[in-house]
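2 protein chains.
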Amino acid sequence: MSDDGDESDAQSLGITKRKEYETGEWYAEVVQKADLADYAPMGGFIVVKPRGYALWEQVQENLDSWFKATGVENAYFPMMIPESYLERESDIVEGFDPEVAWVTHGGHEELEERLAVRPTSESIITPYMAEWTRSHRDLPLRLNQWCSVVRWEATDTKPFFRTKEFLWQEGHTAHESEADAWEETMTRLEQYNRLYEDVLAMPTTLGRKPDHDKFPGGETTTTVEALMPDGKSLQAGTSHYLGTGFAEAYDLTYRDEDEEEQVCHTTSWGLSWRALGGLIMTHSDDQGLVLPPTVAPEQVVIVPIWQEDTREEVLEYCEQLHAELDADGVRVVLDDRDERNPGFKFNEWELKGTPVRIEVGPNEVDDEEITLVHRPDGETETAAREDLTDATEDALDTVYAKLYADAEANLEENVREAHGRGEILGTLGQHGGYVKTGWCGEEACETEIKDQIAAEIVMLPLEEDTDPVHETCGVCGEDATETAFFAKNY
Amino acid sequence: MSDDGDESDAQSLGITKRKEYETGEWYAEVVQKADLADYAPMGGFIVVKPRGYALWEQVQENLDSWFKATGVENAYFPMMIPESYLERESDIVEGFDPEVAWVTHGGHEELEERLAVRPTSESIITPYMAEWTRSHRDLPLRLNQWCSVVRWEATDTKPFFRTKEFLWQEGHTAHESEADAWEETMTRLEQYNRLYEDVLAMPTTLGRKPDHDKFPGGETTTTVEALMPDGKSLQAGTSHYLGTGFAEAYDLTYRDEDEEEQVCHTTSWGLSWRALGGLIMTHSDDQGLVLPPTVAPEQVVIVPIWQEDTREEVLEYCEQLHAELDADGVRVVLDDRDERNPGFKFNEWELKGTPVRIEVGPNEVDDEEITLVHRPDGETETAAREDLTDATEDALDTVYAKLYADAEANLEENVREAHGRGEILGTLGQHGGYVKTGWCGEEACETEIKDQIAAEIVMLPLEEDTDPVHETCGVCGEDATETAFFAKNY
Ligand SMILES: [Zn+2]
Ligand SMILES: [Zn+2]
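Protein chains in written order, with this note's numbering: chain A, 1 to 490; chain B, 1 to 490.
Every clue listed holds true.
Simulated restraints on C-beta separations:
{"#": "1", "chain 1": "A", "residue 1": "D328", "chain 2": "B", "residue 2": "G329", "range": "22 to 28 Å"}
{"#": "2", "chain 1": "A", "residue 1": "D258", "chain 2": "B", "residue 2": "A69", "range": "54 to 60 Å"}
{"#": "3", "chain 1": "A", "residue 1": "E112", "chain 2": "B", "residue 2": "S90", "range": "29 to 35 Å"}
{"#": "4", "chain 1": "A", "residue 1": "D91", "chain 2": "B", "residue 2": "E61", "range": "36 to 42 Å"}
{"#": "5", "chain 1": "B", "residue 1": "Q430", "chain 2": "A", "residue 2": "E112", "range": "41 to 47 Å"}
With a straight-line cut-off of 20 Å between C-alpha atoms, the simulated SDA-like cross-links for lysine to any residue are:
{"#": "6", "chain 1": "A", "residue 1": "K33", "chain 2": "B", "residue 2": "L141"}
{"#": "7", "chain 1": "A", "residue 1": "K33", "chain 2": "B", "residue 2": "D138"}
{"#": "8", "chain 1": "B", "residue 1": "K68", "chain 2": "A", "residue 2": "Q60"}
{"#": "9", "chain 1": "B", "residue 1": "K402", "chain 2": "B", "residue 2": "D377"}
{"#": "10", "chain 1": "A", "residue 1": "K68", "chain 2": "B", "residue 2": "R331"}
{"#": "11", "chain 1": "B", "residue 1": "K19", "chain 2": "B", "residue 2": "E348"}
{"#": "12", "chain 1": "A", "residue 1": "K488", "chain 2": "A", "residue 2": "I453"}
{"#": "13", "chain 1": "A", "residue 1": "K33", "chain 2": "B", "residue 2": "W132"}
{"#": "14", "chain 1": "B", "residue 1": "K68", "chain 2": "A", "residue 2": "A54"}
{"#": "15", "chain 1": "B", "residue 1": "K33", "chain 2": "A", "residue 2": "D138"}
Simulated from the structure, these hints should not be mistaken for lab results.
Cβ atoms here follow ideal geometry from the backbone N, Cα and C, with glycine treated the same way.
Please model the entire structure based on the sequences and the hints provided.
Have a look at this one:
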């Protein structure tokens with residue numbers, strides 16, 4: 001077994017930044033060295049590499065199957081939207097106009113009307129929903145598309161978290177009543193929550209955005225918020241009850257059972273590749289990427305450890321393990337490269353985030369055992385060879401549970417109550433996380449905190465809050481009508 | 001059972017144009033009335049409705065699984081390409097510049113460098129392949145992305161066949177040698193062929209494009225051509241051997257086993273939603289859409305036929321059939337709507353292209369039988385109730401075979417030999433289809449035919465043609481070096 005080049009390669013593999021002290025730089029390093037994404041030549045754009053895209057495919061497969069099982073159909077609408085269509089709903093044009101990328105020329109000709117590269121598609125989808133909806137029998141109408149959108153924000157590129165172009169799904173639905181539309185809004189929020197809880201090993205908090213931060217033109221924006229290990233909250237998916245505003249702007253009406261013309265209630269909901277940013281940020285560590293087994297491209301890597309005289313028996317044993325796990329549906333890879341030593345392989349698969357490593361040396365062969373190592377904490381266990389698949393699946397489940405428990409502990413430790421400007425700012429400054437306080441409902445009270453510490457109200461309790469945590473606003477002291485969750489955010 | 005509204009609805013459902021005489025108008029009507037697509041507000045763009053998108057998902061699922069089984073990884077590259085990147089390969093900028101949509105503004109700011117909405121992605125993907133490729137051990141590198149592209153052609157919109165924006169997949173690969181890259185080129189061409197043969201029930205012909213019509217900057221463009229029932233050839237997928245031109249332009253090199261720097265050989269290959277245009281055009285008829293069971297959203301519709309006194313028994317029987325077929329994995333729907341009569345339902349499911357209809361009346365119940373009707377030709381067969389799934393699957397297979405056989409007969413009848421301008425033009429004018437003739441290799445000889453009848457050389461035999469069909473060029477009479485297939489095309 002040759003070590004040629006291992007040392008210099010190992011150096012370029014290693015993560016040099018520390019998650020705890022240089023979170024931003026560490027994150028950027030993990031994304032690049034774990035082969036998830038690269039920076040594009042134009043600021044704000046990224047290239048998603050195969051190992052990053054495979055994670056997005058897992059998100060897609062899960063959500064898409066849940067959407068379809070609950071009455072959603074996929075469709076595809078143009079990536080360009082005429083300016084006049086955007087302008088038909090005044091809030092949406094005000095909300096998105098500063099961020100729109102404009103196509104002005106086709107070939108050598110200037111276009112008569114410039115076209116927006118879609119920042120979101122309400123203004124092109126709603127008019128078609130209007131054309132396709134005549135009677136209450138056509139409702140509910142539930143459409144979804146997987147596509148990319150562009151928002152020309154002039155901030156630093158942070159792969160997956162903040163990019164000018166991003167991949168997402170956007171769902172758009174129309175209903176007969178407010179109740180139906182609200183049920184839809186919550187169905188999708190719950191599906192997003194399920195993605196985080198059951199697939200990405202991330203506990204989340206469901207809430208509403210304050211009115212001044214809701215979707216432009218909508219009634220209520222609900223949000224799935226995930227607390228990152230650096231104490232910032234990630235808006236990890238949003239589901240909007242849009243009321244009748246968009247339906248009125250785009251003539252989306254239906255004839256009810258009494259043949260009366262009625263206006264639809266609509267919703268829209270979206271989840272983007274930010275989910276991957278949250279996933280990477282939440283679980284990964286100073287050795288590199290950490291992935292839950294649910295989404296890991298390889299759930300298990302088998303690494304043989306041999307000397308010349310044991311090579312044959314160790315490799316043969318490994319090949320049998322590989323064949324058996326593979327037949328049992330485990331995503332497993334056997335790293336039998338001759339030119340790399342086991343230590344190098346350990347590091348490389350740790351960097352890639354493979355949840356469980358099976359080590360096999362001559363001892364394992366002799367004792368008919370396997371040694372399993374959990375990626376997140378290096379815990380080692382042995383199991384009998386005959387229990388291979390069961391022991392492996394147990395180890396994968398344990399890894400998932402560990403990742404979830406760690407993230408949950410972070411969330412639980414970081415919800416604090418505070419009242420009064422000084423206490424709010426002090427608590428946010430010292431600990432990050434969520435600070436719960438009474439709120440009078442005025443945006444000015446949020447602005448005061450935001451100006452000083454760049455934290456904002458990231459959510460309100462999901463249900464209208466009849467009994468706020470404090471009787472008075474934590475900022476101005478007036479009567480409180482809500483409990484606000486302040487946090488720094490992405 | 002009420003007939004209210006059936007008559008007017010039936011009228012709006014019916015196809016009014018005839019495939020044989022008004023092919024273009026008939027096609028547009030089928031696409032819209034079978035709920036596949038709608039026209040967008042901007043000329044050249046379409047909206048793909050759920051029933052159209054479901055067909056695209058079938059194409060995706062098949063190709064994607066074959067790609068992955070043969071070493072291809074999915075990735076995602078930016079939808080915008082800086083102008084300076086496009087310009088690094090001079091042929092590609094010349095080839096696509098007239099068709100590029102340009103983004104010139106982001107928000108309220110004019111961009112320093114305008115960005116092309118990708119017309120194809122060689123010029124953004126190849127530089128990254130160069131960054132990721134150091135040694136021969138990194139090769140072959142096989143990337144694919146599913147995305148949309150924009151080409152600003154100023155021609156009439158024909159849904160799926162010709163649109164300014166279209167969905168496609170584009171594969172990009174790098175290899176050590178010409179032989180490897182050629183093998184890749186052919187692997188993808190064969191997979192496209194398999195899609196048509198085994199999934200879309202369309203026989204195709206494999207060939208090469210003449211040099212003057214190959215991919216800009218490439219060496220050889222291979223093509224899958226499908227003959228449409230109106231006698232025009234559809235370029236239904238292309239796979240390009242690009243030689244070393246792109247690799248040189250974008251510095252895509254590798255160190256070989258002797259540590260020598262070598263230039264890669266690259267390929268690219270793409271298949272778009274034109275495949276759906278070909279599918280619809282090939283099989284559909286004056287009653288509407290016809291789909292092979294492989295891609296039909298509903299493979300079987302069960303239509304109950306009852307009077308008041310037989311309603312209960314007929315419906316119960318139908319529900320049992322539905323449950324059994326569903327459990328056996330057949331995509332089946334029971335049309336038990338009360339407000340529509342059987343005749344209306346027959347028409348509607350015929351319009352939608354459902355391959356097999358199972359009719360159940362009191363006689364079927366009494367005799368413990370089922371009646372199966374094949375969509376494409378109305379052929380009716382009866383089977384014993386106990387043979388339900390077998391009989392249904394046989395019927396589905398038979399429908400596939402019928403569709404394929406019809407398309408194959410059309411292809412076989414429409415390959416003709418001709419020699420001399422008059423005979424070539426006469427044969428193309430009278431019959432359409434392919435005209436085989438000797439060709440000297442000069443574009444001028446194609447131009448002469450094209451100017452008179454808008455037919456061109458759509459392909460040459462796949463293998464270098466050592467023995468052309470004629471000794472002399474069918475147009476100019478000089479020595480022939482190739483056999484050319486002339487045809488009108490889409
Ligand atoms: Zn206040
Ligand atoms: Zn000639």
